[in-house]
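Peer 1: So the chains spell out like this:
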Amino acid sequence: MIAARANVTRGVGGARIAAPLATDGVLAIAGNPNSGKTTIFNALTGLRHKVANYPGVTVEKREGVMRAPERAACTCAATGARCSHDTPEAAVRLLDLPGTYSLSARSPDEQIPRDVLLGRIPGTPRPAGVLLVVDASNLERNLYLATQVLEIGLPTVIACNMTDRAAAAGTPVDEEALARELGVPVVRTVGHQGEGLTELRQCLSRLSAADAGAVEAQASLTRKRRWRLPEPVERSLSQLADRLVDTRIATPLSADGAAVLFLTDVAAGDGDGAGGPGLPPDIHAAFAEQLGVLKSAGYDDVPGLVVEARYNWISELCAGVIRRDADAGRRVAISDRIDNVVTHRVLGPGIFAGLMAGMFWSIFSLAQPLMDAIETGQGWLQALVRSLLSAGPLADLLADGLVGGVGSVVVFFPQICILFLLIALLEDSGYMARAAFLMDKLMSRVGLHGKSFIPLLSSFACAIPGIMATRTIENRRDRFTTILVAPLMSCSARLPVYLVIISVLFAGNVWLQTGIIFGMYALGTLAALGMALLLKRTLLRGPTPAFIMELPPYHLPRPWPVLRMMWDRSKLFLTRAGTTIVAICIVLWALAYFPQATTDSAPASPAAAVQPPQSEREAQASAAGGQAFAPSDLPVEASGVDSASRQLADSYLGRMGRWIEPVVEPLGFDWKIGVGIVASFAAREVFVGTLGTLYSVADADESTPELRERMRSDRWTAGPRAGRPVFTVASGLSLMVFYVLCCQCVSTLAVARRETQSWRWPAFMFAYMTALAYVASLAVFHVASWMGAA
Amino acid sequence: MSAVPDIRLSELVPGQAGHVAAIEGVSDIRQRLREMGLTVGSRVEVVRRAPLGDPIDIRVRGYHLSIRSREASCVSLSSIDRAPA
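Protein chains in written order, with our numbering: chain A, 1219 to 2008; chain B, 7 to 91.
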């Protein structure tokens, strides 16, 4: 690119370096959302990037290593200097900042790009330079952020991206003119086609290799603001800039740009107390004081002045940089034509419903074979462990505790991957914004945002991806509300529980069964919406946040970034939530395993009950000690499963079931159901397998007829209901309602803790859902009993 | 094009456009709208309404932005005209 070359020589110019020595300085990539920033980051770094989090917030920190360009191959032999250029470590490190429209900050998450560029984040050194990605087809708004970044004073290269789209719209950008106006190198790119990436690589490695003199030379060109504010405001700014330099909050080069940003942020205030500039109190006071001075001089809307002045300058600049075709503006973009259909009054909601139905179908049908395969693999692995080790606690710990615990995490993985894949497709194509556009009115009725819809809908499959998908919601209160109510949506793990109960109680009546299942899903949904409304009016009350959302142009999703997005998020589930879940599964295993019933042969393995029902148990044939609890009315069968039943009944878990019987008895549950509920914390569908063990049915699942028979014939052995059946319409409905509303899922709590960065919120989630479940089940049981359903 | 005193962006029907005269409302919303390009004098066009009537899809500085009627009513326009066909 001529523009690039011309300006590289001029901008970094004085320092045309003979041998580009790798300085190991990180380069930050900044840009608007939808500017193609991430595509360029992916293209530059390939596979080599890692995802972490900034401390205290849920903003992803993506860092990668750029391959060195061929032409910048090391020429250090000439200099004779020792050079690490031919080692991979010498390559340029890139930090992908979160996409943002402005460097002004109103929430902790929004502070990240600004604070990284100013070097104010512990553990993240100030970048050596910036790659600014600018969407050429949306230049004016993209330059708003670009000018803010340039004023921060770091050496910068601009990637003028999506030039193909700008040309198609009849508004091509003259990159050379843009480079001249802004005083930094501009490289023309079409990120998704890989166009311009070689030039970009060269520019970036020069930028990262540039010495301090070159940095100074280029920055002195860019640090000066080209737009002016009224003189009194300028005076205040220069005073404040000096303060920032004195206190080492900013460098002389970044001080003016930083002062502008902080002044607007302090003026905009922050209702939350959460966002804002995060300045030391005395500096904050200095800004507030200057704002007071300006206010008394008649400048009471400084942020407004700043935005207007900046945009006015940008408009002028764009007039000279965009080469407008004669018919520009009259061409109807393809994207607009798609929107005429996709957001059409009638077609729009229809297409939306179809897409969501398709999404569900995929999650359930495509994931099933994989889940079955994982369960088979888990069984095989457990058998292998047992065959390698002699029977005993160690073999049981490894097979049931560890392999089983890992299995209970991994079994969700296919569903989570598919869901994240579909979400990534919707996001990358631009449809996600339309979904929020279509659903916003409905969601606003319960005080939420259009963007809460997809997370809640995803929670029908599993609350984990649902909660993780709330990251697109900028407002903290809206996001936390969505996280807190997401687990009320009936996830796929509840379905086996519903199925086993309806098959016991309403056998043969397909319509009634369907109606009840539908009713449970409806109850969960209504509870979620009702709770959202309640939370937004009480605990998370605040001014209704603005709904201001870009509708980006559609484009064909590109396989690579989509798969990358899916993998990054899915991996996060495995590494972060997964470890907690495995730990708790092992605790549950131990509770079910100890104390061991006294036997004179190998111990039974009741802990398999806390594994998914399909998992293969190697029940050891042995007769348990006489003191073990035996449900009197249960026919004695194969002694292996029977001893497993006794072991579980006698374990700490079984005792916990009996301890909580007085608590759950008013809901119509006996101690066996209590054990099932406690065991469900590993994963809800475990309930079925646990009941299977308790009723001495081997390898039970929701379609095992034997289990159904035994549940139907089970009777209360003591208490006021002695002799009456345990499973009645009243207790069955009560149990289903309990499962709809109760938060018995360790994984959900672990993910909520991760996403809210605190144990407080998951604790609250657990408490309110348990209370809700208890009260609702109590009401259902008593109303149903009173109506004669007992 | 005709001068209309104090007409709000929320009052336009799809296809109509106007020039921003002022933005009111709480500072946070005001600042966000301005940063997205709704500055005094800029041209905004209402492209469509969502099927349920809210939010609206507007075009400003050559791109599409979606805002609720509530936010749109903070934007007063100095003049309205029809969008080019």
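Hints are supplied without guarantee of correctness; some may be wrong.
What the hints assert, rightly or not - Cross-link-like lysine to aspartate or glutamate pairs, in silico, EDC-like; alpha carbons within 20 angstroms at most:
hint, chain 1, residue 1, chain 2, residue 2
1, A, K1442, A, E1413
2, A, K1513, A, E1452
3, A, K1659, B, D87
4, A, K1754, A, E1768
5, A, K1513, B, D60
6, A, K1279, A, D1786
7, A, K1513, A, D1464
8, A, K1754, A, E1692
9, A, K1659, B, D12
10, A, K1442, A, E1452
11, A, K1513, B, E17
12, A, K1279, A, D1333
To be verified - To list a few chain B residues with every Cβ distance to chain A over 10 angstroms, as calculated:
hint, residue
13, I13
14, S16
15, E17
16, H25
17, A27
18, V32
19, R36
20, Q37
21, G59
22, H70
23, S72
24, S82
25, D87
Don't read these hints as lab results, they were simulated from the structure.
Here the structure is a predicted model, which is why all the values come from computation and not from measurement.
Glycine included, C-beta positions come from ideal geometry on N, C-alpha and C.
Peer 1: Now tell me, hint by hint, if it's right for this structure.
Peer 2: So, going through the hints one by one against the coordinates:
Under the criterion of a C-alpha separation no larger than 20 angstroms, the hint pairing K1442 (chain A) with E1413 (chain A) is inconsistent with the structure, at around 31 angstroms. For the hint pairing K1513 (chain A) with E1452 (chain A), the CA-to-CA distance comes to about 14 angstroms; that is within 20 angstroms, so the pair holds. In summary, the hint linking K1659 (chain A) to D87 (chain B) is not supported, as the alpha carbons are separated by about 28 angstroms, beyond the 20 angstroms threshold. Proximity of K1754 (chain A) to E1768 (chain A) is assessed by CA-CA distance (about 25 angstroms); at most 20 angstroms being required, the pair is judged violated.
Distance restraint check for K1513 (chain A) and D60 (chain B): the Cα-Cα separation of roughly 37 angstroms exceeds the 20 angstroms cut-off, and the hinted pair is therefore not satisfied. Annotation: proposed proximity of K1279 (chain A) to D1786 (chain A) holds, straight-line Cα distance about 12 angstroms (limit 20 angstroms). Distance check on the hinted pair: K1513 (chain A) and D1464 (chain A) sit about 25 angstroms apart at the alpha-carbon level, beyond 20 angstroms; violated. Between K1754 (chain A) and E1692 (chain A) the CA atoms are separated by roughly 15 angstroms; this keeps the pair inside 20 angstroms, and the hint holds.
For the hint pairing K1659 (chain A) with D12 (chain B), the CA-to-CA distance comes to about 26 angstroms; that exceeds 20 angstroms, so the pair is violated. Restraint check for K1442 (chain A) and E1452 (chain A): the C-alpha separation of about 12 angstroms stays at or below 20 angstroms, so the hint holds. Taken as a hint, the K1513 (chain A) and E17 (chain B) pair is broken in the structure, with Cα atoms around 33 angstroms apart against an allowance of 20 angstroms. With a C-alpha separation of about 13 angstroms, the suggested pair K1279 (chain A) and D1333 (chain A) falls inside the 20 angstroms cut-off, and the hint holds.
For I13 (chain B), the shortest C-beta to C-beta distance to chain A comes to about 21 angstroms, beyond the 10 angstroms cut-off, and the non-interface label holds. Every CB of chain A lies more than 10 angstroms from the CB of S16 (chain B), the least distance being 13 angstroms, so the non-interface label holds. No beta-carbon of chain A is positioned within 10 angstroms of the beta-carbon of E17 (chain B); the least distance is around 18 angstroms. Its beta-carbon lying about 13 angstroms from the closest one in chain A, H25 (chain B) satisfies the requirement of being farther than 10 angstroms from that chain.
Annotated as non-interface, A27 (chain B) keeps its C-beta farther than 10 angstroms from every C-beta of chain A; the closest such distance is 13 angstroms. The claim that V32 (chain B) is not at the interface with chain A is violated, since a C-beta of that chain comes within 10 angstroms of its own (minimum 7 angstroms). At the 10 angstroms boundary, the C-beta of R36 (chain B) falls inside the reach of chain A, the nearest C-beta of that chain being 8 angstroms off. With a least beta-carbon separation of about 5 angstroms from chain A, Q37 (chain B) fails to lie farther than 10 angstroms from that chain, contradicting its non-interface assignment.
Its beta-carbon lying about 7 angstroms from the closest one in chain A, G59 (chain B) breaks the requirement of being farther than 10 angstroms from that chain. H70 (chain B), annotated as away from the interface, has a beta carbon of chain A within 10 angstroms; the closest lies near 4 angstroms. Distance to chain A contradicts S72 (chain B) as a non-interface residue, since its nearest Cβ pair spans about 5 angstroms, not more than 10 angstroms. With a cut of 10 angstroms on Cβ distances, S82 (chain B) stays outside the contact zone with chain A, its closest approach being about 14 angstroms.
Remark: the non-interface label on D87 (chain B) is consistent with the geometry, its nearest Cβ contact in chain A lying 14 angstroms away (cut-off 10 angstroms).
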